[in-house]
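With these hints in hand, go ahead and build the complete structure from the sequences.
Protein chains in written order, with this note's numbering: chain A, 1 to 153; chain B, 1001 to 1609.
Hints listed in this document are in silico derivations from the structure and should not be mistaken for laboratory results.
Where is the CB? At the ideal position from N, CA and C, for every residue including glycine.
All clues given are correct.
Okay, the calculated bits of chain B under chain A, using three or more residues with CB under 8 Å as the criterion:
id, region
1, 1160-1171
2, 1467-1477
3, 1480-1494
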Amino acid sequence: MSAIEDQDRPAVLVRHAPSVPADVLRQVCAGIEEEGVLHDVAPVHTVDEEVYASVLAESLAHGAALQSRLDTGIGIDGDGGIVVHHAKLPVHHPAYAEQRPNRNASADPHAPPHGRRAGTAAARLVTGLPLPQQQAVRRGRGDELTARCSAML
Amino acid sequence: MLVVGVDIGNSTTEACVAEVDGGIDYLGATLTRTTGIKGTPDNTEGAVTAVRRALAQAGRDPERLDLVLLNEATPVISGLAMETITETIITESTMIGHNPSTPGGCGIGVGTTAPIGDLADGAVPSGPVIAVVDRGWDFDRVAGVLNTAVELGTELVAAILAHDDAVLVANRLRVSVPIVDEVGAVERIPLGMPAAIEVAPQGRTIRTLSDSYGLATVFDLTPEQTKQVSPVARALTGNRSAVVVRTPSGDVTDRKIPVGELVLSGAGKTLRVDVDAGADIIMEHLARVQPLDDATGEPGTHVGGMLAQVRDTMTDVTGQSSAEIQIRDVLAIDTFVPREIRGGLAGEVALENAVALAAMVRTSGSCMQIVADRVSKALGCAARIGGVEGEMAVRGALTTPGTDKPIAVLDMGGGSTDAALLTREGECTAVHVAGAGELVTKLIDSELALDNRDAAETVKRYPLAKVESFFHVRHEDGTVQFFTEPLPPSVFARVVCMTPDGPVPVETRQSIDHVRRVRREAKRRVFVVNALRALRQVVPGGSLRVLDFVVLLGGSALDFEIPDMVADALAGHGIVCGTGNVHGTEGPRNAVASGLVDSYASLAVAVAS
Chain A
1 MSAIEDQDRP AVLVRHAPSV PADVLRQVCA GIEEEGVLHD VAPVHTVDEE VYASVLAESL
61 AHGAALQSRL DTGIGIDGDG GIVVHHAKLP VHHPAYAEQR PNRNASADPH APPHGRRAGT
121 AAARLVTGLP LPQQQAVRRG RGDELTARCS AML
Chain B
1001 MLVVGVDIGN STTEACVAEV DGGIDYLGAT LTRTTGIKGT PDNTEGAVTA VRRALAQAGR
1061 DPERLDLVLL NEATPVISGL AMETITETII TESTMIGHNP STPGGCGIGV GTTAPIGDLA
1121 DGAVPSGPVI AVVDRGWDFD RVAGVLNTAV ELGTELVAAI LAHDDAVLVA NRLRVSVPIV
1181 DEVGAVERIP LGMPAAIEVA PQGRTIRTLS DSYGLATVFD LTPEQTKQVS PVARALTGNR
1241 SAVVVRTPSG DVTDRKIPVG ELVLSGAGKT LRVDVDAGAD IIMEHLARVQ PLDDATGEPG
1301 THVGGMLAQV RDTMTDVTGQ SSAEIQIRDV LAIDTFVPRE IRGGLAGEVA LENAVALAAM
1361 VRTSGSCMQI VADRVSKALG CAARIGGVEG EMAVRGALTT PGTDKPIAVL DMGGGSTDAA
1421 LLTREGECTA VHVAGAGELV TKLIDSELAL DNRDAAETVK RYPLAKVESF FHVRHEDGTV
1481 QFFTEPLPPS VFARVVCMTP DGPVPVETRQ SIDHVRRVRR EAKRRVFVVN ALRALRQVVP
1541 GGSLRVLDFV VLLGGSALDF EIPDMVADAL AGHGIVCGTG NVHGTEGPRN AVASGLVDSY
1601 ASLAVAVAS
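So, in structure tokens, the structure goes:
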């Protein structure tokens, strides 16, 4: 499950900014593993700090999906915003997005930890099961910024 | 002379414009929503709208309108009630039988329940142990504690988790044990009690805990105790994983609620029938008291409550006292209702048997004359009642290409199914039976546990499909359809209804085959049963063989499968059956409105000659 040693392994590729909290990464991987699917995690270093975080996650996810033998990738930005992508989907229409938890909002004690749902969603794209309920989506996106992100990958 | 026929139905008001001068020249037809309850003065507004719209479409000046013909709406109103007749209750928490999407490990483990907190303290309980893991425990920590406990000598045989972590924990354990997860009420599991956990291999269902003797073997039960736990076994059948905890006082009761007797009177007889006996027996008894004068239920029982409910609704609608309201037809249907098991720990459901009753009430008369007077005032032309609904429907149906007398029509609406027969000699008989589109919707709603009438209506009206990728769906008939725009992720891998606005997911975990079966069975039990029942009542001698042509009319005749189902059922009797096509252009709509114009024209000709 460590770095990109076996490029050919059928796995969900997880690509993240180097500063992603370790626990978010761990929960994303747990979500994939619980559904019985393999994953492959690696940080992406060429990050332009000015880029909007959510756009970054989207492009990372799309790039990962294009590389994955399972056509499925996850991108995580430095703040823990997560996007799940499928290679056949347009870059601006990801399959699933999990926002960074709002610290002010009172957390639902029964909700799974942040990152788990996104991992589950990615694995289910592979296994063909309905995706978990999507949270309310708030996205900021700009085509110019996305273009810069894509160019980096 | 310019004439408009207007048919006020339960949900739609239809109009047909024609120029009548010796012959009839049909100029067009239109429909609008019925205003108010059918047969009440509130209908005027919808009728006027329909007339104006029809004239505008035909390009005729409303000033030139000579006559509006209204139908004598049959004062028939239907009501529905449904009641479960069994209920599964677990008096002490004794079982968990649900299907978490991903249980861990496989096999069966029998031991004593113990909280994971005890094992974390380093204690080594004697005998086999089933670890119970509460909320708030991380999967790595659970695996660590359990591994340490096993090293210290604990005989771990299984685990029950609150979170969706079973595969994660199983992958990290050094021993292979069955693990059940997503148990919502984990805190209610009795601790220190003998329990058994079974997880079946992928693609299989459990074998031991879903078998009465399997349970008897596991828990060393006496024959008497085995009898008591057999409902548990039955409730667990078909699951991939299950937990049974044996508590001393725990037992599951399969209680039958007294449903009561239905009292049917008619044809000089009074018959009493136990609703428990099921729909077939009820309908058999009903056939013996035709024509029905009234139906009542034993007070204080479920059936009494159901019929009282129908009467109350009727009282509200018609303003008559409940003593005056007589139930003139009943359709009983056996159904099942998924209900959450009382005492279950993970929201388990059991399929409870239920009976649905549709009842039809004849009211003491309609207010059509008032509607006619008001229409006349609003439009400044003559308006009168042109004929009785059933007869007019047959006349309209006769304009369908390829039909001839004797002809029968089946008008399949929302509240009731109506049949009318026109003999070669021109005699017309009509009947109304309870149960139609609304009942189908209700059956679909309860059997799929949708708890949403609109969602059930969507399932009823549109074919199903399974979304197989972002770019294609597989329809229920097995064909695939490709999309150039990606489908939304919210429908990915779901069972959907293919509506004109795109795929709409059905909120169920059931397979597409199951949803399809429920939908088709609901339609069959209402429309096929009612088609045969209604036709037998209009045909002399009750033999369907004497019929040649049957024409299907009404909103449900536009359904994508009901006409085929009815035609299939009638084909065996040598009957030509198909969907009406009034004037060869209007489809199964507008039959009554056209019939009104047609009937007026033939009278005018008769008078002239």
